[in-house]
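Chains as they are written, first to last, in this note's numbering: chain A, 79 to 237; chain B, 79 to 237; chain C, 79 to 237.
One thing to keep in mind: the hints can contain errors.
Since the list can't tell identical chains apart, any single copy or any two copies may satisfy a pair.
[What the hints assert, rightly or not] List time: in silico SDA-like cross-link candidates among lysine to any residue, alpha-carbon distance up to 25 Å:
1) K158 x S204
2) K158 x H180
3) K158 x R109
Keep in mind the hints are simulated off the structure, nothing from the lab.
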Amino acid sequence: MASFVEDRLRELGLALPPPPAPVATYIPASRAGNLLFVSGVIPVRQGQPLFRGKLGQDLTVEQGYEAARIALLNALAIIKEELGSLNSVRQIVRMTGYVASHTGFHDQPAVINGASDLLVAVFGVSGRHARLAIGVAELPLAVPIELELIVQIEENLHG
Amino acid sequence: MASFVEDRLRELGLALPPPPAPVATYIPASRAGNLLFVSGVIPVRQGQPLFRGKLGQDLTVEQGYEAARIALLNALAIIKEELGSLNSVRQIVRMTGYVASHTGFHDQPAVINGASDLLVAVFGVSGRHARLAIGVAELPLAVPIELELIVQIEENLHG
Amino acid sequence: MASFVEDRLRELGLALPPPPAPVATYIPASRAGNLLFVSGVIPVRQGQPLFRGKLGQDLTVEQGYEAARIALLNALAIIKEELGSLNSVRQIVRMTGYVASHTGFHDQPAVINGASDLLVAVFGVSGRHARLAIGVAELPLAVPIELELIVQIEENLHG
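Chain A on its own, in the form it takes in the complex:
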């Protein structure tokens, strides 16, 4: 069966990274019924941050937007590893975007759009999700973004 979702990723010029290894004693994702809870993803590749610093101080909104895209690709890599295929995603249910924010920075939504826009570009209507955008003090490895995702999976994969 063709991998439609990954075709769209390719059309966008994007490739899935290897799924990031947890940096501590937890697992990349956990399934309960037909919900998949994905561990926090950040803009790293092979354990190295691609962006460091805070919005409103060290990084522009455009850089934050790109960091959110990279973090989301890590989430997609985890989801694919868990489900076998991104086509098994029925719906992206919810995403929370935590944005490391310097005092006075209030444009968290524009930053998290980097991930939201990509979800809709890749999954279409199934990528439309409920969302929160929160500005936080500090994130692991000094990255500017961490994403939380809850995904509904196709019933036939119900574990």
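With chain A held as given, fit chains B and C onto it using these hints.
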């Protein structure tokens, strides 16, 4: 059928606002089985913040409490729009209250009570929820409060 | 039936505290289907914080690790009270660790490991969970840690 929950809102002198439009590429709420995940709600009306600033610096606990009530009314407006009626709520499952907090402010629970108290006033026992209160650095539009809600809906509405 | 999970707690030299009373108008946990959403737990005993302050300023990573363990014991006490026995836990689905973080502190994962390591020690493979670690500005009662947990319960307890 009478709208009991909205009757209680009226008795409290409250009216539902129009549901807030998302300020970015996401949707107001997402359903997975009989769980409804509501997007982050903040104390805005027609896109304009009714409160701005941080607790412990710009706003009193009483103002924060009122801001939490207003944010919650936005959540109720979204839930009504999604379900057709607030009577279709079986249980408010969980709420997280993110409170923009100046250094040294630790009274997040008293602020979030503005939303929790209103949930119980409006829904009765169905409004009793698990909760977290978190003090964060900055929130979108400089608002002092953002709420996360997960709602269980009546089985006959199971999508 | 023997309480295997509590046996493991005893072997670790740990005892469950009385479940913490909510400090405001909410409930300790809420069930939706076979998911149990636990309210935010912090390192308190009988309402008194055992640790206060921020990581990167007032507390070492080792102290934060211990605070996370204590917060988790409070979560376990709540879960036992809700389910009757910790053996009714099918899976710890997700944990979010909010760490009160001074500017420049980025070792949230090492702190939250205090809770993650204990979950795995106590529940074995059922304790392996998805996780987020977030550095926040301030927490209630000036504690350094707050934990969010979602737990899947055994089907025969499905409410």
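Against which earlier hints does the structure fall short, listed by number upward?
2
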